[in-house]
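Asks: Here is how the chains run, residue by residue.
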Amino acid sequence: MTKALDPRTKLLIVLCLSSLGLIITHPILLTFVFLVGLLISMAFKGDFFSLIKRFKKVLYLFIAMIILQSLFTTGGEPLVEIGSVTLLTTLGFQRGFGYLMRVLIILVCGIIVATAKMRHMVQGLVQLGVPYDFAFMASIGIKFLPLLVEEIQDTFVAIELRGIDFKKLSLKAKLEIISYIFTPVFAGALMKAKKLSLSVECRGFRAYDQRTSILTLKMNSLDYLWIALTLTLTIWSLYLYLIY
Amino acid sequence: MMMPFIQVNQMSCSIKGKVILTDINLKLEQSQCVALVGPNGSGKTTLGKALAGILPFQKGSIYLQNESIKEKSLSSIGTVIGYLFQNPEKQIFASTVAEELSFALKYKGFPADEIEKSVDDMLRRFELNHLKNASTYFLSQGEKQRLAIAALLMNHPQYLILDEPTTGLDSKRKEQLGHLLDSLKDKVGMLLISHDKSFIRRHAYQTLKMEGGQILHD
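Chains Z and R, in that order, give the protein sequences. Numbering of the first sequence is given in the working numbering, commencing with residue 1 and proceeding in unit increments. Numbering of the second sequence is given in the working numbering, commencing with residue 245 and proceeding in unit increments.
Treat the hints as calculated values from the structure; they're not laboratory data. All clues stand as given, with none of them false.
Stretches of chain Z that chain R covers, calculated by requiring three or more beta carbons in the stretch to come under 8 angstroms of a beta carbon on chain R: (1) 144 to 158; (2) 164 to 172; (3) 175 to 189.
No farther apart than 25 angstroms at their CA atoms in a straight line, the calculated lysine to any residue pairs in the SDA-like style are these: (4) Lys303/R - Met246/R; (5) Lys316/R - Phe166/Z; (6) Lys316/R - Ser170/Z; (7) Lys334/R - Ser50/Z; (8) Lys361/R - Leu428/R; (9) Lys172/Z - Ala342/R; (10) Lys303/R - Met247/R; (11) Lys334/R - Phe182/Z; (12) Lys260/R - Ile52/Z; (13) Lys260/R - Phe49/Z; (14) Lys334/R - Phe144/Z; (15) Lys195/Z - Tyr381/R; (16) Lys314/R - Phe166/Z; (17) Lys334/R - Arg54/Z; (18) Lys56/Z - Lys334/R.
Cβ atoms here follow ideal geometry from the backbone N, Cα and C, with glycine treated the same way.
Next up, chain Z with everything else stripped away, as it sits in the complex:
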């Protein structure tokens, strides 16, 4: 039932969730936003846990970033101290936790978007007034995200197959190897984008000024219910954030 929702409704939900993720800094409220997002993604039959599994190899990087974020933030009460050196403060912990929640909110947003058909998503954006070129670009970007994840995993496999045990390396070597992983992925993404733009141009993309579509999206009562619920929850969360 929820899968048949208009993509514009899903876009509104994602917009609200991501905006709350950006605005709110309170860790408990951020956790609440993430949990609501998780429930919504589950209602749309999105599989959050299989996505986490796919990100398993990159999780190390996220954890490293959370730790760095926590350690390099000063202020608040000291939580972990070695001699006179404060390693972790309450504010550092709060920032690190907030970062983790924001990453998780982005992931659930991605899952919610991914439950809509790509063609419907493009049409939804077009009917919202976004020019087709931009809508198409955005849809291609989303479509290529799993490929990027796959490429990161492939590079990890290629590195391990050279006999390198990532776990046994020093922190410095690990950080160096992470740069080995991301450089080809970004270079590959740029090259793919170049090839793709050539390919779509060759197929007559933007050959005519006006583009017609046989598909027209219509919102139903369920969409309006979801929109009302989302807006109510968003306003309520912002109200709570401002009060506390």
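Based on these hints, arrange chain R on the given structure of chain Z.
Replies: Showing chain R alone in chain Z's frame:
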């Protein structure tokens, strides 16, 4: 009784619920060059990846040097098996040719002068000297293929699984690759996954045909 270098028993593999390999039985010796042929989608690459520990399998067993592959880490398999991906771009990750070749030795703690010597030697063998400091992103397909194979050999593997090694190589390079594989034959076992019949005929000791996820015959 001596066990073969790689032994596969009743191995089946599915990807996303789709059965790709069914009841594969295979013995591969270290001193042999075996070719794996078959139509697209017959499961050749999947079998190669399962043998290298890249793809998990659901049924049966694979033994590498008497030890179940499931108990080995990918990095420990990588010290024994060199796996060439169908698309060499997947395994080239350093930004320059020299860096790509020196990668494994650098992180295994080899001294810099020894690494430099080995890199220069490999560059000469694969006629890549002029590209030593070139960016890996702008190499031709053939150059990438040669670099990927050279990088594998830097690790001194005991067995090579080469998925379409002649793709993107002109006849001269193909011949050079053939000579190189011949020179390795006594020391390194090989599984050639290829559609290149003439290359297989010249270099493989045995040819296995795959169809529908099964090995049909020798």
